[in-house]
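These protein sequence lines map, in sequence, to chains A and B. Going by my numbering, 92 is the number at position 92 of the first sequence; the sequence numbering is gapless. Here my numbering runs 1000 ahead of the position in the second sequence, where the first position is 1.
Keep in mind that the hints were calculated from the coordinates and are not lab data. A virtual CB, placed ideally from N, CA and C, is assigned to each residue, including glycine. One thing to keep in mind: the hints can contain errors.
To be verified - With a Cα cut of at most 30 Å, we get these calculated BS3-like pairs of lysine-lysine:
#1 A:K59 - B:K1332
#2 A:K10 - B:K1085
#3 A:K59 - B:K1346
#4 B:K1365 - A:K59
#5 B:K1244 - B:K1212
#6 A:K34 - A:K24
#7 B:K1212 - B:K1192
#8 A:K42 - B:K1159
#9 A:K6 - B:K1212
#10 A:K29 - B:K1098
#11 A:K110 - B:K1379
#12 A:K10 - B:K1078
#13 B:K1052 - A:K24
#14 A:K110 - B:K1346
#15 A:K34 - B:K1085
#16 B:K1379 - B:K1192
#17 B:K1078 - A:K42
#18 B:K1346 - A:K6
#19 B:K1411 - A:K110
#20 A:K10 - B:K1411
#21 B:K1365 - A:K34
#22 A:K281 - A:K221
#23 A:K136 - A:K165
#24 B:K1379 - A:K59
Said to hold, decoys possible - Some, not all, of what chain B presents toward chain A, calculated at C-beta under 7 Å:
#25 V1147
#26 E1149
#27 H1152
#28 E1170
#29 D1197
#30 I1208
#31 T1223
#32 G1318
#33 V1330
#34 K1333
#35 K1337
#36 L1413
#37 R1429
Claimed, not checked - Chain A residues, not near chain B, derived (Cβ > 10 Å throughout):
#38 S15
#39 F40
#40 T57
The residues making up each chain are set out below.
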Amino acid sequence: MAYCVKCGVKLEAGSTACVLCNTKVLASKEVIGKIEYPLFVKEKAKGKSFYPYFDKTRKGIIELIIAFMVIAEVTLAITAIALQGAFSPWLAMLAVAAGGLYILVGLTVKPNYPKVASYYLIITALLIIGLSFFIKASLWPQIVLLSLAFYWAVGVFPWLLSKGKRFWSFLVVSFAIALFLVLLDALIDNYLSWSLAIALPTYGVIIVSLAFSAIRIRWGKPSMTDIILSIILSSCWGVVAGDFFHLRSIGSEHFLTWGFSPFIVALLLLIILLLTATVRKVRNFFTTRLT
Amino acid sequence: MKKASSNDELLPLDNSAIIYPPTVARYNAHVFRLSARLNVDVDPVRLANVAKRVLKRFPYFAVSLHQGFYWYYFLPNKKPLEIYKDEDYPCGYFHLKKGANGYLFKILYTTRSISIEVFHALTDGAGALSFLKTLLAYYFELSKKEVGEDPHILFVKDKVASEEGEDAFERFYRPRSALFASQSEAFHLSQKSFYNDMVQAISARISIEELKRLSNNHQVTITEYLVALLIEALQALQAEQVSKERRYRPIRVSVPINIRRIFNSITRRNFSLFVAVGIDPRLGYYEFGEILEQVKYQLRGSVNEKGLGLQIARNVAGRRIALIRYAPNVLKKPFMKLLSDFYGDKIYSMTLSNIGNVNLPGSLKDVVERLDFFLSPNKKNRVSCAAIGTNGYISLNFTSLLTEDVSFERKVLTALVERGVAVEVATNRIIEGE
């Protein structure tokens, strides 16, 4: 048996290093000794170590919420049975279930934005579908469901794609907005009125304007002022296009009405941006020649 | 519940056991191990036969755990008792239904050792020691004459006294006021170190005489001295691990006290209480002598019939409140999980359980080389400490979930070496240098 020179403890026979400090034993085999029956079984564990997702405390909170949910549901059901139809428990039961599920998602799902958001959207959709049965409304639940689907496409889906697939997410988002506008129009008016005549062309103009800005941002070296001006420019084009297509849809003789001022602003901005770009090019041309 | 007739056989959990089943988890196994190291080879066939015989003398251990509408309860387990080869990590989580054929304890053996691992809801260290000693006595065919007056060893032919399987907390319950007092969170070791569920043990063998010499110098008991050593190491580690003094937390060691002698009980089920002993480093640095004074004062101040009676009242009264009693188990379970944190794991830095010096009768002394006692650590208190003595040596066993960090064990054991005590260590850790 050897002693650890650092810790001073006597090591079990056969130990070639100290358990407390990992210091190697530099002694002869005779001193280290041999152990026939060690105190502990030193074989590796049969299975891998296991890390349960929920620790005891979180498990307790989850169980507590489920228990309260079940108790609330049962109490509501019993109350309804006892009052023999004077009280309809379904709405309250639905609210309890949805409320409980909202909390449980936060406690059980890993904190990952697309995952959590998707679950919350599903629960909200189920809640809306449930509510529509009781309230007997048809239009607003459909609009809300459409909006939820739209939010998922615009606000969640792009986060599911990897960074290399940004172009696809841009395409999906652009298409989702167009589809949302068309479907919203179809739901509200039962036929396509403002979406095809005004919304989609306006949206098209904004997309084209933004695409130009995006191209500039991607291939050029834009300053923050350039980016802000590009956004203002796209907004102005959007407003102008909205006014323009609205006037065409009602058969007006005017070219533009309230969209005229933004049109002037847009033109000026466009001129400024073009001039800036040209001046930069010219300056670069001469400075590179000089140096 | 299976049948109405089985209600007669139903055994309620004792008052300190009710917290264990709802809070058991992979990293909160509530398992302890008692192990006897022999100098002769173990015959597994003989051990299995003896175990079956001995279990008949301990009918309150021949049970399985079930979940009722209001509480967990025990029912007699008719499945065969099996023994297992000891080839895994000590005090690991075992499935309460499938882990040991429904039994809440496991009998394990190696070529030279017989061990039992017990789920704490069944019994405490003293109850398990009684079972292990009886098992050893039967294995080595000790006669009544050889055993003599050993209170731990029971004979199969003797009638089972009703007091052996009673919930002694109920018997010694006296209603008291001022029941619940909350405490702030204590310092916890190495919360940022890597851990897993493979319990790593370091066993230190120390001469009782040498330890007695040290503790006598300070006029304290061995338990008090060991608790002070742990607190001293925890204080040093808190200073290393916590950068700002204002973030220091109190250091408290939970010391289980076997209260059978105090209340004159022979129950083999749980009948121990915890006393929290500690210091508050926010008040300043404590020298070892000061820690010893605190430990001595706090431990002795708590271990008396009145102080412990108050704890019994707390355990029993909680269960008697109608709101708790008739609340469904599905509600109690999560509450207990949360309460066990606030009133248990969080407020203690670690546990030191010392069974004390165990006297072995007759020829057992010649065949049992040493006894070992291990506690399962948990996610909050990742290192636990247990001690047991026999044949002139005490085994101070550290069990840890930490995969690499042994700084606490090193601090405690080197402190003993520095005070002139010879310490012999063994481990199940795979050491880097080996």
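Hints, one by one, checked against the model:
{"no.": "1", "hint": "A:K59 - B:K1332", "result": "13 Å, holds"}
{"no.": "2", "hint": "A:K10 - B:K1085", "result": "29 Å, holds"}
{"no.": "3", "hint": "A:K59 - B:K1346", "result": "16 Å, holds"}
{"no.": "4", "hint": "B:K1365 - A:K59", "result": "47 Å, violated"}
{"no.": "5", "hint": "B:K1244 - B:K1212", "result": "37 Å, violated"}
{"no.": "6", "hint": "A:K34 - A:K24", "result": "16 Å, holds"}
{"no.": "7", "hint": "B:K1212 - B:K1192", "result": "36 Å, violated"}
{"no.": "8", "hint": "A:K42 - B:K1159", "result": "42 Å, violated"}
{"no.": "9", "hint": "A:K6 - B:K1212", "result": "25 Å, holds"}
{"no.": "10", "hint": "A:K29 - B:K1098", "result": "45 Å, violated"}
{"no.": "11", "hint": "A:K110 - B:K1379", "result": "20 Å, holds"}
{"no.": "12", "hint": "A:K10 - B:K1078", "result": "47 Å, violated"}
{"no.": "13", "hint": "B:K1052 - A:K24", "result": "46 Å, violated"}
{"no.": "14", "hint": "A:K110 - B:K1346", "result": "25 Å, holds"}
{"no.": "15", "hint": "A:K34 - B:K1085", "result": "23 Å, holds"}
{"no.": "16", "hint": "B:K1379 - B:K1192", "result": "11 Å, holds"}
{"no.": "17", "hint": "B:K1078 - A:K42", "result": "34 Å, violated"}
{"no.": "18", "hint": "B:K1346 - A:K6", "result": "34 Å, violated"}
{"no.": "19", "hint": "B:K1411 - A:K110", "result": "38 Å, violated"}
{"no.": "20", "hint": "A:K10 - B:K1411", "result": "15 Å, holds"}
{"no.": "21", "hint": "B:K1365 - A:K34", "result": "25 Å, holds"}
{"no.": "22", "hint": "A:K281 - A:K221", "result": "12 Å, holds"}
{"no.": "23", "hint": "A:K136 - A:K165", "result": "42 Å, violated"}
{"no.": "24", "hint": "B:K1379 - A:K59", "result": "14 Å, holds"}
{"no.": "25", "hint": "V1147", "result": "27 Å, violated"}
{"no.": "26", "hint": "E1149", "result": "31 Å, violated"}
{"no.": "27", "hint": "H1152", "result": "23 Å, violated"}
{"no.": "28", "hint": "E1170", "result": "27 Å, violated"}
{"no.": "29", "hint": "D1197", "result": "5 Å, holds"}
{"no.": "30", "hint": "I1208", "result": "16 Å, violated"}
{"no.": "31", "hint": "T1223", "result": "22 Å, violated"}
{"no.": "32", "hint": "G1318", "result": "17 Å, violated"}
{"no.": "33", "hint": "V1330", "result": "5 Å, holds"}
{"no.": "34", "hint": "K1333", "result": "6 Å, holds"}
{"no.": "35", "hint": "K1337", "result": "3 Å, holds"}
{"no.": "36", "hint": "L1413", "result": "6 Å, holds"}
{"no.": "37", "hint": "R1429", "result": "6 Å, holds"}
{"no.": "38", "hint": "S15", "result": "7 Å, violated"}
{"no.": "39", "hint": "F40", "result": "4 Å, violated"}
{"no.": "40", "hint": "T57", "result": "6 Å, violated"}
Hints 4, 5, 7, 8, 10, 12, 13, 17, 18, 19, 23, 25, 26, 27, 28, 30, 31, 32, 38, 39, 40, counting from the list given before, are not met by this structure.
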